[in-house]
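J.: Chains as they are written, first to last, in UniProt numbering: chain A, 1 to 398; chain B, 1 to 802.
Hints are all accurate, no fakes.
In silico BS3-like cross-links for lysine-lysine, where the CA-CA straight-line distance does not exceed 30 Å:
hint	chain 1	residue 1	chain 2	residue 2
1	A	Lys59	B	Lys349
2	A	Lys107	B	Lys349
3	B	Lys262	B	Lys345
4	B	Lys690	A	Lys259
5	A	Lys259	B	Lys697
6	B	Lys262	A	Lys119
7	A	Lys107	B	Lys345
8	A	Lys128	B	Lys262
9	A	Lys204	B	Lys638
10	B	Lys192	B	Lys129
11	B	Lys86	B	Lys697
12	B	Lys278	A	Lys173
13	B	Lys374	A	Lys204
14	B	Lys686	B	Lys533
15	B	Lys192	B	Lys147
16	B	Lys691	A	Lys259
17	B	Lys117	B	Lys607
18	B	Lys686	A	Lys258
19	A	Lys99	B	Lys338
20	B	Lys345	A	Lys59
21	B	Lys373	A	Lys173
By construction, these hints were calculated from the structure, which means they are not laboratory data.
Computed from a predicted structure; not experimentally measured.
Listed below, chain by chain, are the residues.
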Amino acid sequence: MSRFTQPKAAPVSKRDPRTGVVQSQDGELLHSHMRLMSLHDGKSIPTDNATLDVCPVCKSARYMNPSLRFLVNPECYHKMCESCVDRIFSHGPAACPIKGCGRTLRKHRFREQTFEDIKVEREVDIRKKVGATFNRREEDFETLLAYNDYLNDVEDITFNLINGIDLEDTNRKFEAYARAHGKEIEENAQMAVQERQSFSAAQKLERQQARERREAARREEEEEKREVEENRRDVLNRLASGADAETVAKEGQRVQLKKRMDRQAAAERQRQLQAAEDAHSGRTSKFVIKGLKTKQKPEPEAPVDPFGGLRLVDSYFTLQDDYVWEGIQEARKDVKQTAGGYDVRDYAHRSLVAAFSGLGVFVADEVTERDKLAQSDEAVGTARADVGLKDADLMTAP
Amino acid sequence: MSDQVAKDYTQDLPVLFPYPRIYPEQYAYMCDLKRTLDAGGHCVLEMPSGTGKTVSLLSLIVAYQQFYPEHRKLIYCSRTMSEIEKALAELKALMKYRADQLGEVEDFRGLGLTSRKNLCLHPSVKREKSGSVVDARCRSLTAGFVKEQKERGEDVDLCIYHDNLDLLEPHNLIPPGVWTLDGMLRYGEQQKQCPYFTARRMMPFCNVIIYSYHYLLDPKIAERVSRELSKDCIVVFDEAHNIDNVCIESLSIDLTEESLRKAGRGAANLERKITEMKATDADKLQNEYAKLVEGLRDADQARDEEAFMSNPALPDDLLKEAVPGNIRRAEHFTAFLKRFIEYLKTRMKVLHVISETPPSFLAHLKELTFIEKKPLRFCAERLTSLVRTLELTNIEDYQPLQEVATFATLVATYETGFLLILEPYESDTATVPNPILHFTCLDAAIAIKPVFDRFSSVIITSGTISPLEMYPKMLGFTSVVQESYAMTLARRSFLPMIVTRGSDQSQISSGFQTRDDPQVVRNYGNLLIEMSKLTPDGMVVFFPSYLYMERVISSWQSMGILDSVWKSKLILVETPDSQETSLALETYRTACSNGRGAVLLCVARGKVSEGIDFDHHYGRTVLCIGVPFQYTESRILKARLEFLRETYRIRENDFLSFDAMRHCAQCLGRVLRGKDDYGIMVMADKRFAKKRNQLPKWISSALLESDSQMSVDQAVAASKKFLKMMSKPFPARMQDGISTWSYEDLMEHKRKIEAERDREVKNGEVNGDDHHIHGDVVMAEAQAAEDDMGINDDMDAAMMEL
Ligand code: SF4
Ligand SMILES: [Zn+2]
Ligand SMILES: [Zn+2]
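The shape of chain B in the complex, shown without the other chains (with noise of 0.2 Å):
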């Protein structure tokens, strides 16, 4: 391809787009998401997965960065460590290309953000399993007192990578520019510094930080993380069809017997630890008690980037107040915890399942051991408090510990949007209590809304994030723009087919009636079949839980359908497990790539359903056996149904359903991850005919009404001929102006929006807010453009038959 600018003008932006050409969803995604900036507000986008989401989104924010004086910073959020690389990756080779365009290198930063895990040097230090030993570990190398004590000449250990840093000029840690992980890594080896200090400290100047979800989100991290970024900074959540659900996990604390245990004894090694100091040091102490006294807090505590545990989201008010007097002098506190502790023990002894609200279970608490509600909100706070006087280094001892406090700190702030769930056993089944206490969240919206406050633009993105409606609802914001995108395509890539009866004409479904049916289970057992047949190398397949799974193969197994698959494919299963799975992923892919094709069966709510990509041939075929519904007997899922009615009116439904479509969408685009990639996607269950318009626009709109009531033979009749199709040589150019616009072709439909426009004003139609290119207007455009393309492209048939 000519090498040629593309210099994409979105209105009076210039936007440079590593591409020599762009696809036209990705630039009706940029105007909306300028659009979006402009108005300052939050938007919901959903764009086609394999469209190249990620890098329309850097070109404009960072152009927009650059044109603009404010220069705001990007917040760029994803889930994985793998999809935070790859952003890196994306980020780095645009500035790359805007650095050539430009002639020019820009005085930019961009840096990504994981655990000490990822990014630990320390050579015995990096070495550990678990991440929480790891930040453990490198806490007690690297706290204030640790080196105030080697100062004072004490045999202590420090990390070199950590104190090299301190010898740097703080605001220039590390050269500018775009950032890896790996490079970050190397550079650290390097210079013998700690590349996560490094990241964390030059988080300030920063132009784009990439990281985790739970550095905002998780109020107990990001407190710590990411409170110096400034108000107008651009928060991008990539992925976010799941958001919800993480904000609900970043609250919710589950308590066990164990647990419990392990704090007392945590509280216990607290008093002990009260007593020396009082012995040798009780200055330290008294100076602690003054300070709560007065209700100042620790002056250097807002800079202690190490601060051993933070604050569950607290509101701002009770910060500024005084610790209570009930709990200020050091071993009151201790007494207090253990007296709180000893209650929640005498709680799990109860045999019968108990729901109870947090104002219920504070009177039941006050009644009976005197706590009150006010220093309970401030345990979590005045343990932290303790454990930096006491000068504690094995940290992790204490986990526990925290855990109970930041539960007892979150029962006494939240009224509503909480539950208690007191579960005696693991099953119904179970004779033996093994009681759980899950102190659930159910409102997603208490975890993001400081994010929606601080931040004032916010955007929420993802391949499938339908219905648009519903994430606003649920995260509580309004949002300035909601747009989602069709996939333009030269030619059908992909074919969506829902399959609702099989070769024998009666109806399959997963549902709870229909599952054990020898029938149904047999139904879809030919589906597999001869979809395994037609399909060329992979194939995965979905079921709606591990159970199902695990019941439909070994019917399978007796039918003798396994067998027949065996003939044409491999067949490999996801286990919970992760490195089991791990290991059939790799079979898989091996089998799909030297032509021996394999079916991976999976689960819709696993691993697999979510982060890994089937590209290519390593999936030609996705098939969702039955809807992928929630259980809804969990008593979480429950109250939380029951919560969103009343708060949200969202019907538990519309929930259910929302849930399972979006989990089957994932599902379905794990299969296709380009506008070159083609593959097959069927819905095997009589229930999604009513769920159609659930899906995703990209998906929905390429589903034709004829192909939404199939029975298997219809529908290996289709794929066939789909595949046939496929099979013919498609040459890049037939996409041209269609599905990928060059330079010129975009100035092209630039220049018709605009004598568009002049006609508008013309007529005198235009209000006020018309000086953007809509989003839709550019779909629209693009739509037309496929059209065309169709009546060409029977033309060409024609031809060749001549």
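Only chain A is shown next, with the shape it has when bound in the complex (with noise of 0.2 Å):
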């Protein structure tokens, strides 16, 4: 951590604490040193060191052979060197040769190991299986106690698995949980695999960026420190044809703090324009966005109602066009009434209206709800009333 304090420590030698031995940066004595120590540690685990270094086949060992390379068969990842692999396995399936073993290996399935720890690596090839088929999302869920959950229920299959334990009971919970949601896991699998193109890629674009942004700083900086050289030959220029030094001096100065200035202002400007292009295109947004639920697309909007839903019809009559009756005949010819665009219409309209007003009502119903309302408004009252000698009390006390 504190790396900016400490001096690096000399990397010449590091004592074993348990073995005591100093080792060297030499490679080759650090073997041996290794093996060394494996004879002091009582119980060597498969892992240890000493025996990563040897094939358990033909014990020929990496420290006589630097090239020597092990693979691993995922079927019982028991580890060999390639060259055993090779003469065991290239005429067909063979046997393991490991003692105890005895499972039937294909050449092409042997490959080199990734992890150090053989179970990390048999554990990892496990959780890939596990994993293609309990692939679901948070997104899936309903709350995260219910993802959480399953969360928890797979791993504790993946842990059977790995450890062995309820073999069989596990693999049928597997079978049965891969055949009922085959569907589901199809859908995610390729929401995953587009998940991972769309990062690689926006990470591809944020290298490039990156590259492109440290170019031109650099051009930046050339760019300043050729005018910086040009404007010095030209005050040297001037001063070679007999100008006063001072003044020159001053005014390459002053010329030169223009020029920069005008530099970071245009590049600021550049910035903000690239800035508000990249808003509006939405190229900001080249990133995923996860753990969005898909949004439904909200209703088209209803026309405005100014009246909230009251609708005028007349239900007692239809206003027709044209009715016979002589105090009306004159308006609608005469051009002096019309021209203010008044419509006979409106007049019958009007005394129809009148005429039916008052047609639904009736009176005996009207009553009674009057009655109930006054009732239920002097009920109010009297809380009314109460609170106000509640307050009235509040205020007198002390």
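Make the complex out of the two chains shown on their own, each in a separate frame, by following the hints.
T.: Shown next as structure tokens:
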């Protein structure tokens, strides 16, 4: 942590606390010491350093042959050297040569070990298998708790598979799930692939942009250097032509300062423009947003209704275009009347509304309604009075 | 001096200042501090070294605390233990003075806190050499469950000093007053109570807390120690010129193969413990599991001051979320850790340098091991919970594992501002791989952000913190006040010079191209010889790096330069080994005191340049050989430069130059520790000429135009003249009213300011915030007085001639 303050420690040698042997920087010596250590070590575990470097089949060691490569087969995870694999499995499937194993192995499934700990190697293989099936996402769940419980269950299954607990039962569960949710598994898998692709694309883009920015910064710096140089030459030239030293120097500085300011301002403008453009074209949202549920489209907006749903329809009559009545015939044709936009039908409509008004009202109903209302009003009134009283109490209370 | 009440009214706030005289810059500093506190914001203040920064700060803030009903708490952060102790002593004196003046002892508590290593009283624990061992052993003696075990009648050891605390009233573990660390130790020994825990538990009841940066900045500690401090606390970072590096370090983690191996062993141990516990006490595990299911944080976790380890800076929303299902069960979690460690081990096997961002690391991790980001984020917290459930006592064994867990949490939490750099070889020439995985924080703002978010007033101050605007930029905050004060001096008591040429008129520089040029080395040597001849007593020389120092010294040896220096001075050298260095320092001080005189050759980024003062005869000349740039080939530095450029638009060269100059200013400031002190400051490199405006104001304003392009000969002549002047007696009274003010001077000054303001009021020019006396006005005043003095000086001289 204290990288900034600590001088680098001398890398010369380390004393091994158990054996007291000083391990030198020399690689070969290091290996021999490792073996020494494992001799001291009573309970040597299979992944110990010493066994790490010797092929259990042909006993050739990396100490003698630095280019020795070890391979494992995910069938039984027994390790052997490349030449042993070639020798034993070139002619088709054969039994594992490790004592007590004897599983049939195929050459093409041999691969290099990724992890030092073979148990982890195997675990990861199992996880791969489990992960391909149990690939639900957090969005699939209603609550976080449900998701966490799901994760817990999956982990239980994985753990059982890895440690060989309840194998039969677990496998059954596993299979059952796979069968029941085939389609979703497929979908989620595709989603994951897409995500990976867009992620790596974004990464690539990011890297490229970083490179470009670096390049730009370098160019800018060079530009500035060049300008300074130019300026100096300019000053020298002018001095040579007999100008006053001080004013020339001052002027040179000023020009340079101004240039730099200009450049900075331009860069800033450029940046803002760029940012605006990015925001505009939505290019900034390149990264993937995860955890979004699919949104419903909002319904199209309804037209405005100023009466709030109240509809005025003439329910007792239908207005006719023309009524045979002497009194209005004159007005219908008279330009003086119609010029202002007056329509006789309005008059007719109004008269009809007036004639029918009150037809839907039943006085008896109204009266009972009114009585009821009056009663409840009273109740409210008393309640109010009560409150008022209390307030008053409070007020008068000390 | 007459013991008169130096009651200094900064506007309407009565401030008791514990000295009869005050420097104008102190007054200005206090005015600006008050302005910041009133406005409720952050500020950056640069105050020349040796002008009583700490005392001004304390007296103003204490006055502020006592005057206003809110009693805002002061958190004063300093860097080293000795600085903490100094500040405490200063505070103690101040409070005593206040009591004398006010005629009553105020109800006031001031405590300091440092690590257990310094405060432990337990007879066997305190003898441990390493701090982390002390911590771990103390924890195993004080943890809650150990106590429970004891109550159950099991045979376990407890620390009596800790237990005695439980017998006292929890809010009154120690009587009111200011306690220095030493005083605390003595009191603790007397009362048989642990000073460390006394301080920790009393923190909510203190008016002033003085402790190290880390208690606030290191998120791993801050969570535990500083959680209960309220929002209106006043936070001060003193000597804060390096604060960005502290921030970065507190979030950076280095992993080696060794530490991974240990972490793996720790995980295996945990697994074993879980199996054991399952057999004996399965309920406990079940209990923990049930809690995790419901997403409940341990209720007592909040109060448990001794939580084994705590979590790195996590966003709050995450802290409220439940632990992911796949690491809920203890055995699942250990398997998870093991897998992660194995993965890291495979990454270490790569034999070329890799640098990648956290997202790409996570993507690769997921591809290879099916570890998702989310459980990774909860790693540190889950581990803490597990360790507590298992009631582990030998906690130090799990330190590497915790480191890995912290790393996991950080890498999964922050997408930007961090970088992973894998360096397979220690150096470019090494052939045997010794890989280190640096998880490096590039953004200083991340660690300090919680502090700015949480506290309304943060004050960042130092003797050398120029250019001021760099800090708000780097740390991501806005400041209401940014001020740098010049030093008011009655006579020119320090002489800064920039030497750009040798006596043969060829340019000198420690730059890369001319580094090994014998002519440059010889010129530097001549400068050293000349300066060591004329400097009385002590002289300090700073080199940019150990490597360069070694090379130059060996060439000087062969050129016979060291022999000439030897004639006038002893030569001592700083080494990376701290014990050797302290021995050298001791010898140096003896030689300075007994008149032999000595030259100390040291490095601008070493220990000497930061923490050690060379006051008075311990340092009359400081010589900076070369501009102390950082080693730019470091990959971590490169990454940080790039980050600064892209995020904060700070250009690489600007940052490097800023960084070099702040170290240079630190070095220069070493020799001037007060107004009665004097010294010569020589910057020897042609590149300094262009950087002079990056020096702190108090140095650059004293650096004359004519002194900024000197040759060795000119510098020698100027120094001689300067020393001659310094050797004249200079009675303290000459400073009165100019570089020190008595109470009357201060009142006089205030009257002037008031008159000024009245005039402005009449002119109708007052705008809203002008009720404050601005620091710059004060300084302008003082400057004017100084100029007057210049004339007086001449007159004095004339008189003497007569
Ligand atoms: S409680 Fe205090 S005295 Fe006891 S071991 Fe811990 S630090 Fe030391
Ligand atoms: Zn073999
Ligand atoms: Zn096999």
